[in-house]
Amino acid sequence: MSEELDVNYERAGYHFKQNLGLKPALLLVDFANAYFLKDSPLFGGPLCETAREAAVELTNSARKNNVPVIFTEVLYRPGGLDGGAFYSKVPALSCFDQGRETQELCDGFDKRDTELMITKQYPSAFFGTSLSASLAFLKVDTLVIAGL
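With our numbering, the residue at position 131 of the sequence shown is 131, and numbering never jumps.
Source of the hints: derived by calculation from the structure; they are not laboratory data. Accuracy of the hints is not assured; some may be wrong.
[Unchecked claim] As a list, the in silico DSS-like pairs of lysine-lysine whose alpha-carbon atoms are at most 27 Å apart:
| id | residue 1 | residue 2 |
| --- | --- | --- |
| 1 | K23 | K120 |
| 2 | K17 | K89 |
| 3 | K120 | K139 |
| 4 | K89 | K23 |
| 5 | K64 | K111 |
| 6 | K111 | K89 |
| 7 | K139 | K64 |
| 8 | K139 | K17 |
| 9 | K89 | K139 |
| 10 | K17 | K38 |
| 11 | K111 | K38 |
| 12 | K38 | K120 |
| 13 | K120 | K17 |
| 14 | K139 | K38 |
[What the hints assert, rightly or not] Cβ-Cβ distance ranges computed for the label pairs, FRET-style:
| id | residue 1 | residue 2 | range |
| --- | --- | --- | --- |
| 15 | R63 | F126 | 15 to 25 Å |
| 16 | N8 | A54 | 34 to 44 Å |
| 17 | E104 | N66 | 39 to 49 Å |
| 18 | A92 | E10 | 15 to 25 Å |
| 19 | S88 | G108 | 24 to 34 Å |
| 20 | E104 | T129 | 13 to 23 Å |
| 21 | E4 | R63 | 16 to 26 Å |
| 22 | A92 | T129 | 30 to 40 Å |
| 23 | L81 | H15 | 18 to 28 Å |
Note that the structure is a prediction, hence the values are computed from the model and not measured. A virtual CB, placed ideally from N, CA and C, is assigned to each residue, including glycine.
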């Protein structure tokens with residue numbers, strides 16, 4: 001962030017410590033190989049790597065403290081029939097076709113069987129997915145979000 005933006009945020013009251021609620025969860029959004037493999041059209045470079053490293057640290061901390069860890073993934077049937085016009089407009093979304101290496105969870109997270117994977121076809125993890133029902137079932141009152 002720029003220094004000017006920092007000052008603006010501080011003046012607006014954004015820079016203060018917020019405590020977690022009684023039942024936090026960690027949401028890891030779209031850590032797919034598509035953003036980490038150099039030959040992928042969605043390769044994100046060093047900033048994605050920095051995000052991954054920080055998210056892996058968060059994940060390890062959450063697990064150590066018995067905080068639920070929830071992942072999201074983008075997944076399409078090959079050819080994108082379930083992606084509608086969005087898939088048609090963005091050819092690079094074929095990176096998320098089922099069976100492609102680019103669609104798989106990137107290295108570093110080692111998802112556990114006890115952790116949820118929320119599958120989506122569109123950008124939001126909240127709209128049109130089972131995420132809100134899962135959070136309600138787990139009685140989550142605080143969501144820490146890390147993602148790409």
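Status of each hint after checking the structure:
no. : hint                     : verdict
1   : K23 to K120              : 24 Å, holds
2   : K17 to K89               : 41 Å, violated
3   : K120 to K139             : 22 Å, holds
4   : K89 to K23               : 39 Å, violated
5   : K64 to K111              : 14 Å, holds
6   : K111 to K89              : 31 Å, violated
7   : K139 to K64              : 19 Å, holds
8   : K139 to K17              : 23 Å, holds
9   : K89 to K139              : 37 Å, violated
10  : K17 to K38               : 37 Å, violated
11  : K111 to K38              : 23 Å, holds
12  : K38 to K120              : 24 Å, holds
13  : K120 to K17              : 32 Å, violated
14  : K139 to K38              : 39 Å, violated
15  : R63 to F126: 15 to 25 Å  : 23 Å, holds
16  : N8 to A54: 34 to 44 Å    : 24 Å, violated
17  : E104 to N66: 39 to 49 Å  : 27 Å, violated
18  : A92 to E10: 15 to 25 Å   : 37 Å, violated
19  : S88 to G108: 24 to 34 Å  : 32 Å, holds
20  : E104 to T129: 13 to 23 Å : 19 Å, holds
21  : E4 to R63: 16 to 26 Å    : 38 Å, violated
22  : A92 to T129: 30 to 40 Å  : 21 Å, violated
23  : L81 to H15: 18 to 28 Å   : 46 Å, violated
Figure legend: structure checked against the earlier numbered hints; hints not met, in rising order: 2, 4, 6, 9, 10, 13, 14, 16, 17, 18, 21, 22, 23.
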